[in-house]
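*Asks:* Given only the sequences and the hints, what does the whole structure look like? Please build it.
Residues in the sequence shown are numbered from 2 upward in steps of one, following my numbering.
There may be inaccurate statements among the hints.
Claimed, not checked - FRET-style restraints, in silico, Cβ to Cβ: (1) 7 <-> 108: 16 to 24 angstroms; (2) 191 <-> 13: 42 to 50 angstroms; (3) 62 <-> 7: 24 to 32 angstroms; (4) 176 <-> 102: 22 to 30 angstroms; (5) 181 <-> 108: 45 to 53 angstroms.
Source of the hints: derived by calculation from the structure; they are not laboratory data. No residue lacks a Cβ here, since even glycine has one placed at the ideal position from N, Cα and C.
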Amino acid sequence: MRPTAKFSISFGLVTIPVAAYSATDTTASVSFVRIHTADGGRVRNQPVCSLEGVEVTEDEIGRGYKADDDTLVPLTDEDLAALPLPTAKTLTILAFVDGGDIDPLQMGKGYYLSADGSAAAKPYVLLREAMERHQRVGLGKVALHGRETLAMIRPVEDTLVMQVLLWPDQIRPMEGVLPEGGVDLGSQEVEAAESLMDSYRELSEGDVHDHYREALEEMVAAKLAHREPDFEAPQAEPAAQVMDLMAALQDSVRAAQQSRGEGGDTEGATVTSLTGHPSQQSAAKKSATKKRATEKESAKKSTGGTAKKTAARTAKAGGAGKSAGSAKKSAAAKTTAAKKTAGKPRRRAG
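*Replies:* And the structure:
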């Protein structure tokens, strides 16, 4: 692997010559070319001079700077080399900061830095070890490919990595992006969202694999072989829909637990956006209203039946009480009559 640039890192009075190697490879990514749909011929971008209207070769192409009045000013390699830039050959570290203070929006292309020469090995390792122990990253400026840029240096395992950073004025403001009017969130909703975050598993090898590229390559191979592409059958979409935010979060947690074999029954549940089609929301509301009406009617019938049974038991108990009372009164009457009879003198016969 050939270095893309060579410069020195200035760390106080310590100078560390380094070589920069591109840390990323975009050749494996999916790319397309433009074709003429009528015959399949490739459509190319030909370098054509705007004044003469003729195609020019690569060695005839140079650099030009567009001035404010749209005038093009030619610039040669010698002109750029004569610029009084201390960063042209040196990355001067300006500060050491916490890596979390760097806005990820500023991060650009990454480079591996290696010590350029045996004399640079010790200060190279010293800087990497000091940043590792101090938990800091270095910020500085360097000129790469004819442009000065911000750069961040950080330790990664046994290597120093340089990350090109955009200038702060290259980050666009967020105006017009945030929701209008604000959103009120309940504590239970936030806790449910946190539970859903905790339910996610670790990334697997399949998660960081480019399945789209594999499918595209299979599609191309199938077209070349005049056959149907061999794709896996798509998973069937569940039928039911969840329109409530809390229900969506809770079902998502159960689904995540079920996928890990931890239980949870989410069969037939699908989380749908709260801003779904109005007809879906209306149907869901009607279904919920009908369900509540059915539950109320069942509860009413159950309550009525229970009341009737209770009244019957009460009436029966009251009847039994009345019968017992009548029996007691009858027995008392008989006893009184017997006493009266016993107290009267008997009449003698004739």
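*Asks:* Taking the hints in turn, state whether each one holds.
*Replies:* How the hints compare with the structure:
As the Cβ distance of residue 7 to residue 108 is approximately 23 angstroms, the hint placing it in 16 to 24 angstroms holds. Distance hint check for residue 191 and residue 13: the Cβ-Cβ separation is about 47 angstroms, which falls inside the suggested range of 42 to 50 angstroms. The hint said 24 to 32 angstroms for the Cβ distance between residue 62 and residue 7, and at roughly 25 angstroms that hint holds. A beta carbon spacing of about 23 angstroms between residue 176 and residue 102 agrees with the range 22 to 30 angstroms that was offered as a hint.
Hint check: residue 181 to residue 108, Cβ distance near 30 angstroms, so the stated range 45 to 53 angstroms is violated.
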